[in-house]
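Peer 1: What follows is the residue order along each chain.
2 protein chains.
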Amino acid sequence: MSAELELELVIGGRPVRFPAVWLRDNCPCPDCLVPGTGQKVNDITDIPNGLAITHTEDAGESVLVTFAPDRHRSAFPRSWLEEHALDGGGGDGDDRTEDDKDLWLPADLDGLPAMSWPSYLAGGKAEALEAVLRLGFVLLRDVPAEPGRVREVAASFGYVRETNYGRLFDVRVEDQGSAPGNLAFTSRAIRPHTDNPYRDPAPTIQLLHCLRAAGQGGETGLVDGFAAAAELRATDAESFGTLTKTPVSFGYVDKETDLRASLPLIQLSPSGRVRGVRFNNRSMRPLRRPYAEVIAFYTAYRRWAELLAQPGRQLNLRLAPGDCLIFDNTRVLHARTAFSMSEGSPGRHLQGCYADLDGLASTLAVLGRSGNHGREESR
Amino acid sequence: MSAELELELVIGGRPVRFPAVWLRDNCPCPDCLVPGTGQKVNDITDIPNGLAITHTEDAGESVLVTFAPDRHRSAFPRSWLEEHALDGGGGDGDDRTEDDKDLWLPADLDGLPAMSWPSYLAGGKAEALEAVLRLGFVLLRDVPAEPGRVREVAASFGYVRETNYGRLFDVRVEDQGSAPGNLAFTSRAIRPHTDNPYRDPAPTIQLLHCLRAAGQGGETGLVDGFAAAAELRATDAESFGTLTKTPVSFGYVDKETDLRASLPLIQLSPSGRVRGVRFNNRSMRPLRRPYAEVIAFYTAYRRWAELLAQPGRQLNLRLAPGDCLIFDNTRVLHARTAFSMSEGSPGRHLQGCYADLDGLASTLAVLGRSGNHGREESR
Numbered sequence: 065m066s067a068e069l070e071l072e073l074v075i076g077g078r079p080v081r082f083p084a085v086w087l088r089d090n091c092p093c094p095d096c097l098v099p100g101t102g103q104k105v106n107d108i109t110d111i112p113n114g115l116a117i118t119h120t121e122d123a124g125e126s127v128l129v130t131f132a133p134d135r136h137r138s139a140f141p142r143s144w145l146e147e148h149a150l151d152g153g154g155g156d157g158d159d160r161t162e163d164d165k166d167l168w169l170p171a172d173l174d175g176l177p178a179m180s181w182p183s184y185l186a187g188g189k190a191e192a193l194e195a196v197l198r199l200g201f202v203l204l205r206d207v208p209a210e211p212g213r214v215r216e217v218a219a220s221f222g223y224v225r226e227t228n229y230g231r232l233f234d235v236r237v238e239d240q241g242s243a244p245g246n247l248a249f250t251s252r253a254i255r256p257h258t259d260n261p262y263r264d265p266a267p268t269i270q271l272l273h274c275l276r277a278a279g280q281g282g283e284t285g286l287v288d289g290f291a292a293a294a295e296l297r298a299t300d301a302e303s304f305g306t307l308t309k310t311p312v313s314f315g316y317v318d319k320e321t322d323l324r325a326s327l328p329l330i331q332l333s334p335s336g337r338v339r340g341v342r343f344n345n346r347s348m349r350p351l352r353r354p355y356a357e358v359i360a361f362y363t364a365y366r367r368w369a370e371l372l373a374q375p376g377r378q379l380n381l382r383l384a385p386g387d388c389l390i391f392d393n394t395r396v397l398h399a400r401t402a403f404s405m406s407e408g409s410p411g412r413h414l415q416g417c418y419a420d421l422d423g424l425a426s427t428l429a430v431l432g433r434s435g436n437h438g439r440e441e442s443r
Numbered sequence: 065m066s067a068e069l070e071l072e073l074v075i076g077g078r079p080v081r082f083p084a085v086w087l088r089d090n091c092p093c094p095d096c097l098v099p100g101t102g103q104k105v106n107d108i109t110d111i112p113n114g115l116a117i118t119h120t121e122d123a124g125e126s127v128l129v130t131f132a133p134d135r136h137r138s139a140f141p142r143s144w145l146e147e148h149a150l151d152g153g154g155g156d157g158d159d160r161t162e163d164d165k166d167l168w169l170p171a172d173l174d175g176l177p178a179m180s181w182p183s184y185l186a187g188g189k190a191e192a193l194e195a196v197l198r199l200g201f202v203l204l205r206d207v208p209a210e211p212g213r214v215r216e217v218a219a220s221f222g223y224v225r226e227t228n229y230g231r232l233f234d235v236r237v238e239d240q241g242s243a244p245g246n247l248a249f250t251s252r253a254i255r256p257h258t259d260n261p262y263r264d265p266a267p268t269i270q271l272l273h274c275l276r277a278a279g280q281g282g283e284t285g286l287v288d289g290f291a292a293a294a295e296l297r298a299t300d301a302e303s304f305g306t307l308t309k310t311p312v313s314f315g316y317v318d319k320e321t322d323l324r325a326s327l328p329l330i331q332l333s334p335s336g337r338v339r340g341v342r343f344n345n346r347s348m349r350p351l352r353r354p355y356a357e358v359i360a361f362y363t364a365y366r367r368w369a370e371l372l373a374q375p376g377r378q379l380n381l382r383l384a385p386g387d388c389l390i391f392d393n394t395r396v397l398h399a400r401t402a403f404s405m406s407e408g409s410p411g412r413h414l415q416g417c418y419a420d421l422d423g424l425a426s427t428l429a430v431l432g433r434s435g436n437h438g439r440e441e442s443r
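Protein chains in written order, with our numbering: chain X, 65 to 443; chain H, 65 to 443.
Everything labelled a hint here was simulated from the structure, so no lab data went into it.
Check before you lean on any hint, since a few could be wrong.
Copies of the same chain look alike in the list, so a pair counts if it works inside one copy or between any two.
[To be verified] Calculated cross-link-like contacts (lysine-lysine; reagent style DSSO-like; alpha-carbon spacing at most 30 Å):
hint, residue 1, residue 2
1, Lys165, Lys319
2, Lys309, Lys319
3, Lys309, Lys165
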């Protein structure tokens, strides 16, 4: 009886091979895998050392494999093996990098990814959530312009991430006499930035719901940070490299809060693909690196900031009451123009909250199961 | 009038220098920095190009600096400059890596980091939270063994992270007839693992509160994953390298959920220091990398699993009703031994919830401000 360390077979006309240990770790029998959940029963250390394949048998739809030393038998559906071929370029399963996104400049967008709240509830949800994953944002219209509704939008696809700002927060001009703790609560322009870079983990989704528009100005701008990062890499690889390697500290302090986090402005996957951006000069803390690194960082940082501020990168939206933006806070920077406070007008009022991409992607995946057409609420 | 690109001075007897752009970006004047919050008013692109220092003046406690081309004047306290010297080895501000932790084996621990809930509330909170950051866990005793109390513990230092398991979840043996969706809800042993590796961002803190102990067995084990990673690096650098570079997909599926995330088992900071571990064979999905990488991965993965399973690495605790563990889910793996279900006994019952390290660290920082002695509630 020969013992093999791999299974070789021809599937769909091409030769494929699987290591014995990989097969055994993915054995689908009910002793190895909990039916329904895909959870494995065993740990990797439960697999015997010196594992080998002693027997392989073609059983039509399945391939039967017997392992030494313990004579465990597994049946692998051929279709499953074909789907999970190792060298087939299936990728690493990480859908958070630039490779799984459609990068954009405003001029490229074929219309806004937008939908009314009634359409969203009546079957459009999957399309809207897919836009958040692919383009980094979606605009929902006609969400009733009532306080607290933004939480309902978040709950339609995931879970609110509560922070020191509460489960939801109001963005409006605060009484200037009370010295606003955050520039968001003034009428000043705010350049493109990501929220909460001083948090780790930072919220991966932000929602902004317009209850009242500004009299003049107060437009909301969105910038695709992944598209900008790709441009920086193409035009100034050295600056790009500096920004991926330099940890930058951000902080936020008020009476009850003292948040700090230190991460690079551009975060990469292990294979070097862009996976996240953090950008917010307001909350950046003094950089404490060796002198030469500080010089290199500031050159790269200014280059990056200038690139992000290019007018052609910013999609400008004038949010009307009822508009609710959902965007990927690890990718899309947001900005706003200054606005005027007309005498006696109640002024601009947004409500926002944070949530996370994993819950959104889960909801989308469940909607995509056969039998679901996005009409049912998934929770 | 000469223009300098840096400021050189002697502080505390040693020469230090700061780039002009760094100084200007950190100017503490009220036009540049919002008093109280440390938020910057300007963006990096608001700083003029061709910035230089035209005049420096010693003003006793402060150094006055005048910048070209816009003649902006800044006053930097000498103490602040000393504190923020660039080459002084102040580190990168990232306190999440192994460098800012006390790595441990159970034998090294000088007693358990433990405290009663009344002591925690009466001034011990800072010490307890500091243990979570430094050692990765703390045990609170005498938290009333009542349902829902674990949320109160979480709210004492941060915010509950709601997930598909709810704002809190029960860990007890479910009726076997209903086919438990998760192995946690059986009486089986569970080897050291981190929770929710199929989530991104994964919860960074977990709490487990014991309401009823098991009749026999059901001990909780904790393993310092950062200490284990350091050992792996020291003894098998190749396996360590493989685990930091190979993205591994995790998944969790039930009727309403389809979560997936793909990240390496050992995550590093940009400077190559251990910053997080994910480990859970139950929810690992088939690895789809080129054949040679799969072989290398399984060699490394088994080595890592064996190292984590070394009995000398596992701190075993028998949780009594009222005990509440708080631990760092990016660092400390948890496990449990199998337990018996005695006839007619209601069985082991824990309640858990998730939270995040950033909120915990913020609460600790606020408690550390002068005037706070940990006695007040910080929220």
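Peer 1: So, for every hint listed, does it hold in this structure?
Peer 2: To see whether the hints hold, each was checked on the structure:
Only between protomers do lysine 165 and lysine 319 lie at most 30 Å apart by alpha-carbon distance; the minimum there is 27 Å, versus 40 Å within a single protomer. Proximity of lysine 309 to lysine 319 under the C-alpha cut-off of 30 Å is found in neither arrangement, the shortest distances being 33 Å within a copy and 41 Å between copies. In this assembly of identical chains, lysine 309 and lysine 165 lie within 30 Å of each other by CA distance both inside one copy and across copies; the values are 23 Å within and 22 Å between.
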